[in-house]
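A.B. asks: Protein chains in written order, with the numbering used here: chain A, 870 to 1203; chain B, 1369 to 1703.
Be a bit skeptical, because a hint or two may be false.
With the Cβ distance kept under 7 Å, some of the chain B side facing chain A (calculated, not the full set) [to be verified]: (1) D1407; (2) Y1411; (3) S1436; (4) G1442; (5) A1443; (6) Q1505; (7) Q1656; (8) W1659; (9) L1661; (10) A1684.
In case anyone wonders, no lab produced these hints; they're calculated from the structure.
A quick note: this is a predicted structure, and the numbers were derived from the prediction, not measured.
For glycine and all other residues, C-beta sits at the position ideal for the given N, C-alpha and C.
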Amino acid sequence: MTLTAGKPHLSREHMLDLLRQMIRIRRFENKCAELYTQEKIRGFLHLYDGEEAVAVGVITVLEKRDRVVATYREHGHALVRGVPMKAVMAEMYGKQEGCSRGRGGSMHLFNAATNFYGGNAIVGGGLPVATGLALASRMQGDDIVTACFFGEGAVAEGEFHESLNLAALWQLPVLFVCENNSYAMGTALALSESETDIQHKAACYRVASEAVDGMDVVAVEAAARRAIQAVRDSRKPYFLECRTYRLRPHSMFDPQLYRDKAEVESWRPREPIARFQGWLETNRMIHPDELSRMVSEIDAEIAEAVNFAETASWEPVEQLCRFVHADSTVPTGQ
Amino acid sequence: MQQAAARTDTVETTYREAVRAALRDALGRDNRVFLMGEDVGRYGGCYAVSHGLLAEFGPERIRDTPLSESGFTGAGIGAAMAGMRPIVELMTVNFSLLALDQILNNAATIRHMSGNQFGVPLVIRMATGAGRQLAAQHSHSLEGWYAHIPGIKVLTPATLEDARGMLWTALQEPDPVLIFENVMLYNMSGNLACDAGAVDIDKAAVRRKGRDISLITYGGSLWKTLEAASVLATEGIEAEVIDLRSLRPLDDATIMTSVTRTRRAVIVDEGWRSGSLAAEIGMRIVEQAFWSLDAPIGRVCSEEVPIPYPRHLEMAALPQLPKIVAAAKTALGQA
Ligand SMILES: Cc1ncc(C[n+]2csc(CCOP(=O)(O)OP(=O)(O)O)c2C)c(N)n1
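Using the sequences provided together with the hints, build the complete structure.
C.D. replies: See below:
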């Protein structure tokens, strides 16, 4: 571990919290995979297995007033951001108690209370939106930071380039976080980019940029602390590339014809939870009892979320055409 | 379609396999043909349509692209103008919007703008439609929008024969052709003639004969409409079912022949109602067959809402059997 990188304030309590958040995402998503096979969760389900350190490392550093824009692989981001697990699970079920009233499902988690602007399933689609949120910050003179997460596949889209240029040109306070997990569905980075050093592209737009080991939660957090401080103070964009790996299939439909099992296995020892937990154990910073208590608390929360989703209600069909335009009988968020 | 009466040599296949057979056939017959799109090669196609073709034809002709819909659709246009016969695959119509500029402002207009000096013999295939609980960014049916655009043809194969046969004919066209494959059809299986090949792409087909009412539809809704016709038949109503096959150009003659005989029409269209293809067809009937009508024209379209995730709401948003039956009965004054 690069536990000295950037020398963040690393109390034992804080480190246990980082571990807890990663385990919470992992176990929540393992449950989701199980519920998917039981057909409780339908549609597309994209899991974050192996990438948890990115959402945890970055979102932990954000302030409550900051904003988050994410992709369809966003369960972890929503959880770390503080969207209640019950509301996330109910959304996965499509129940009206879900964080998007069940209308969005797994790919479209939204939550105004935590400034969580979704859940965008058009690759690259979130970047211009994040740029606009940051434009509002500039025009309104606030000190909010907008964090925008996207995969390396989005780098090929025009919207990526247009957004970076706009953000740099207009000096907008947005943190672009590229979750480089090596594949866009079945397409490896080297097969989609002539320049595979992604942070270098940001530099071409004169956006301050940095790449970090995205499997190392402490390194991610340290980099995020530098990045978010820079955005908050300078009111300019910053680009953080987190190098990581997707251990599971792209979605539940993917037979993974494009990579060897051996390649996946070679990444497994580097996966962020085992690695960080191992480090904490070696350094006697966590007691086995503490760990099992942590896991059972998380499991209890997950069980409660599942129970909530199970007993939550289906929106009546008569309400099908609601929420297409503003409706005075329901809060619209802002 | 216009099938010979009794064909004994048939093979059990699926819609997906029929499209794949069409691709393999085209790639084998014309070395100017190549397929390009996101994950068409190593991944095997997002709906597994091109699975196996990479091994057969290599990465030059089964070309994986980056996530750059506008870029590679435009590249397909350029390659077509310079003598190639590209087949561009866009994963779904929802993502085709990122390439809409290229499709409309270049592919559809270059022949005209250049005073007929250049043409764009390009085929663009994409999936369309709802029914898999993929929510509002993956479930829309926008083929009716594309049918608005002069300069392109818009095809909606709904049968195995058309899935197998439309591609080759489209590739012979001098101008761009868009082919929409409804996602709910990929797993549909049935028998297809072993020697199935090219089919015409300008005629609608009467999929079921009837004298009482014309049900006009296309794509994924064809099968629901045929089912509705069977239900109506149990109540003594003989519905004729027309599969448009091509949304642009529309085969007015087949529609009007049917409607002037049945004197009643219901249009079933998975697009939203307002400004829809169904509206266009209804207006054409009014223009060309108004005096033959015995009742107002009916429509069954998607509800005016982005497609929601939960199954019961998604189903309620789409044209369904009971709605089609009810619309037919209303047109027959039996509601
Ligand atoms: C514009 C657009 N094109 C294609 C897709 C289909 N698609 C969904 S996810 C994906 C891969 C994206 O990869 P990446 O950006 O690296 O993110 P990851 O899934 O690896 O997290 C593709 C091609 C889409 N959703 N949107």
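A.B. asks: Hints first: check each against the structure and report whether it holds.
C.D. replies: Status of the hints after comparison with the structure:
1. At its closest, the beta carbon of D1407 of chain B sits 5 Å from a beta carbon of chain A; the interface hint therefore holds under the 7 Å criterion.
2. The interface hint given for Y1411 of chain B is met, as the beta carbon of that residue sits about 3 Å from the closest beta carbon of chain A, less than 7 Å.
3. The restraint placing S1436 of chain B at the interface with chain A holds, with a minimum CB-CB distance near 5 Å, inside the 7 Å limit.
4. Given the 7 Å rule on beta carbons, the hint for G1442 of chain B is violated: about 11 Å separates it from the nearest Cβ of chain A.
5. The closest approach between the C-beta of A1443 of chain B and any C-beta of chain A is roughly 13 Å, which is over the 7 Å cut-off, so the hint fails.
6. At its closest, the beta carbon of Q1505 of chain B sits 4 Å from a beta carbon of chain A; the interface hint therefore holds under the 7 Å criterion.
7. Checking Q1656 of chain B against chain A by beta carbon gives a least distance of about 33 Å; that is not within 7 Å, so the hint is violated.
8. At about 36 Å, the closest approach between the beta carbon of W1659 of chain B and any beta carbon in chain A exceeds 7 Å, and the interface hint on this residue is violated.
9. Given the 7 Å rule on beta carbons, the hint for L1661 of chain B is violated: about 29 Å separates it from the nearest Cβ of chain A.
10. The beta carbon of A1684 of chain B comes within 5 Å of a beta carbon in chain A, closer than 7 Å, and the hint placing it at the interface holds.
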